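Spelled out from the first residue to the last, the chains are:
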Amino acid sequence: MAEIIQEEKGKGGKKKAKKHPPHIDMTPMVDLMCLLITFFMLTTAFAKAKVMEIVLPEKIENPDEQRSAVAESRNVNIILGPDNRLFWYPGAVKPEEYNNNIFPPLQELDYSATGVRQLLLDKNKTLARKIAEFRDKVTRGELVLTQDSILGSIKKLKSDDDTGPFVQIKAYKEANYGNFVDILDEMNICGIGRYMFVDITWYEEKMVEIATGKTAIASAK
Amino acid sequence: MPKIKLPTKSPRIDMTPMVDTFAVILTFLMLTATMRQTEPATVDTPFSISEKPTPDFNTMTFLIAADGKVFMNMDNGPDTAFKFRPKILEEMGNRYGLEFSDAEKREFEKFPSSMGVPIMQMKQFLAGKSSKERDPFQVGIPADSLDNQLAMWILCARQVNPNIQASIKGDSKTPFPAVKKVLDNLQDKKINKFMLVTSLEAAEINLEEIQQ
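Protein chains in written order, with the numbering used here: chain U, 1 to 221; chain Y, 1001 to 1212.
FYI, nobody ran anything at the bench for these hints, they're computed from the structure. It is possible that some hints are incorrect.
If you want the footprint, here are the derived chain U segments under chain Y, 3+ residues with CB under 8 angstroms [said to hold, decoys possible]:
#	region
1	27-33
2	79-88
3	154-166
Cross-link-like lysine-lysine pairs, in silico, DSS-like; alpha carbons within 27 angstroms at most [unchecked claim]:
#	chain 1	residue 1	chain 2	residue 2
4	U	K19	Y	K1005
5	U	K155	Y	K1052
6	U	K59	Y	K1005
7	U	K170	Y	K1005
8	Y	K1193	U	K156
9	Y	K1181	U	K214
These figures come from a predicted structure and were not determined experimentally. Where a beta carbon is used, it is the ideal one built from N, C-alpha and C, also for glycine.
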């Protein structure tokens, strides 16, 4: 409409400045919005941090109280060593052994998929297979469950299991917190049903020192 | 053949759709924004496969820096009416014979990030106007056996908010004894369940790998 009127006026011979449609320059607005978006993107914590739950064994106030006995053959002791090294030994050290300075040698592991994960999966075959099969069924859609009941079922599989290892995690004084989280994470990845974090004993510290070469075997004897 | 002259247009790009898009993004960001807290120490959390999100309320977070300093943060409760933070400070004041004014309590309530101030310096810390004035007081909460203020903070937090849960946010390079000290303090107060703050990492094991 506006244009038609303009043309008519032009024909009339009157000289008038051509009227432009009102054009607002948006560029400053775009600039401002860019700035605001950048500000918000940088200050926003998008991904919420995740948490991993861990329950530590209660402190035993009365040391005479007997802990429930676990079959020694199922014991796996994992020791977090210095410089991101990792050691393990099966079973337990008997009092008559460490009192006579006989220490079983530690085997070295690493945090990779072929290290500690291989060992744990190997020890935990039956349970890990059960869990993996269960997860497989869920992903294939044979079982339709909510996230909560999936987790609940896995928890039940873990507590019903009586073949898996009993993992005791111990930290040497030069280990770091990252190692601690890594090993707990590894327990979750491998679906270990029973694990706990316990204080390191003096003879285990000595075993680490022997394994890392800090104490010569001769001087330990 | 006369040439057809195309009308020359001024090279002007219409910015309106761009502005519209930006406005939508901006609104989205503003509505979903939760401000990132500036922590007194930078902490690179270790990775794990855990997908459980951090709870919003009823938590006390222990920030353990790579040099072993311990900082503590707690939330104000699921409702603003609870005012857990000022109550915890008041309780702490009672135990160390300090009287905190209402203004100081409000200042403590507002303080957005973890604090690691020895209780005796708390008044000077809260009087500070800017982070520049406050930062020198952030030396970590004393936790040695002679003056175990960390244990007292835990005790007070539990007294004020019985549902409080402990979460630990450590740097992956933190030496383990520093973490152990915090764990021991918590266990002394009969807290045996912890949440370790981690970043998400994908790790998959499949059936074939196990059957090998």
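Unmet hints by their number, sorted upward, for this structure: Of the numbered hints, 2, 3, 6, 7 do not hold.
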